[in-house]
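Novice: Construct all of the structure, not just a fragment, from the sequences and the given hints.
As numbered in mature numbering (1 follows the signal peptide of the UniProt record, and there is no 0), residues -34 to -1, 1 to 187 make up the sequence shown, in order.
Hints in this document: simulated from the structure, not taken from any laboratory.
Ideal Cβ positions, reconstructed from N, Cα and C, are used throughout, including at glycine.
A couple of the hints might just be wrong.
[Said to hold, decoys possible] In the EDC-like style, the derived pairs of lysine to aspartate or glutamate whose C-alpha atoms are separated by at most 20 Å in a straight line are:
no.	residue 1	residue 2
1	110	59
2	29	72
3	78	59
4	78	115
5	35	21
6	78	98
[To be verified] Computed beta-carbon distance windows for the label pairs:
no.	residue 1	residue 2	range
7	145	124	16 to 24 Å
8	147	29	45 to 53 Å
9	143	117	35 to 43 Å
10	66	133	17 to 25 Å
11	129	151	44 to 52 Å
12	141	21	22 to 30 Å
13	24	106	22 to 30 Å
14	107	164	29 to 37 Å
15	95	140	43 to 51 Å
16	106	29	27 to 35 Å
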Amino acid sequence: MYMFEKCVLAQDASSVTFLLSIFALFSLVIFAQGETLHAGDVNSISVGAGTNIQDNSLVHVAKSNLSGKVLPTIIGNNVTVGHSAVLHGCTVEDEAFVGMGATLLDGAVVEKNAMVAAGALVRQNTRIPCGEVWGGNPARFLRKLTEEEIAFISQSAANYTNLAQVHAAENAKSFDSIEFEKVLRKKFARKDEEYDSMLGVDRQTPPELILPYNIQAPKAS
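Specialist: Here's what the structure looks like:
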């Protein structure tokens, strides 16, 4: 992960901000607690709590456009931005959903509990109202979201927050802990008679591979 100039992480002890893989961060980028993110070289990018920005997505800002405005990108709380989406100088409000491969251009606003369908192109200064799903190129109103779909938006963000916590915990493990877990997996795999019976395997474990039951985890150095 590469960070240049100013990156602000705002979090408390009960939250997790997790940057998965490689992210290039430029200029002023503001994180709230519990999310994952990208770049801002001519203006600021802010991302709220519990938001996830998925792989291959681009979050950028606008310096020159037809309106002559310098536009930041603002992403609210509990937002899901799908794979390969492009957000450019736009605003995505709390608990909104941006589908895979969607593009939001300068000045676009996705209101709370609104959804942008996968592959949609949201033109400049377009506002997508609360509770609606828009799709197509250019994006247009398709229908109202159901209550179940609105609930799914919040649940989707929570699912990715939980996944980030799992990733963070796994990446924090020491080498000794990882090696110990490998040993345990081998031990219990050799004891799994039900698995063998389903495959019709009569496994005879060589005596030298039988692990003692009192094996202990390595002590932290």
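Novice: Now look at each hint and say whether the structure bears it out.
Specialist: Results for each hint:
1. 110 / 59: With Cα atoms ~17 Å apart, residue 110 and residue 59 stay inside 20 Å; holds.
2. 29 / 72: Given that 20 Å is the threshold and the Cα spacing comes to 10 Å, the pair holds.
3. 78 / 59: Answer holds: residue 78 to residue 59 is near 5 Å, not above 20 Å.
4. 78 / 115: 13 Å, holds
5. 35 / 21: 29 Å, violated
6. 78 / 98: OK: residue 78 and residue 98 at ~10 Å, within 20 Å.
7. 145 / 124: 16 to 24 Å: 33 Å, violated
8. 147 / 29: 45 to 53 Å: Distance hint for residue 147, residue 29 holds at roughly 49 Å.
9. 143 / 117: 35 to 43 Å: Holds - the Cβ-Cβ distance for residue 143 and residue 117, about 37 Å, lies within 35 to 43 Å.
10. 66 / 133: 17 to 25 Å: Distance hint for residue 66, residue 133 holds at roughly 20 Å.
11. 129 / 151: 44 to 52 Å: With Cβ atoms ~21 Å apart, the hint is violated.
12. 141 / 21: 22 to 30 Å: Distance hint for residue 141, residue 21 holds at roughly 26 Å.
13. 24 / 106: 22 to 30 Å: 23 Å, holds
14. 107 / 164: 29 to 37 Å: Hint violated: Cβ distance 52 Å, outside 29 to 37 Å.
15. 95 / 140: 43 to 51 Å: Cβ of residue 95 to Cβ of residue 140: about 50 Å, so the range 43 to 51 Å holds.
16. 106 / 29: 27 to 35 Å: The hint (27 to 35 Å, Cβ to Cβ) holds, given that residue 106 and residue 29 are roughly 28 Å apart.
Against the hints set out earlier in the document, violations occur for numbers 5, 7, 11 and 14.
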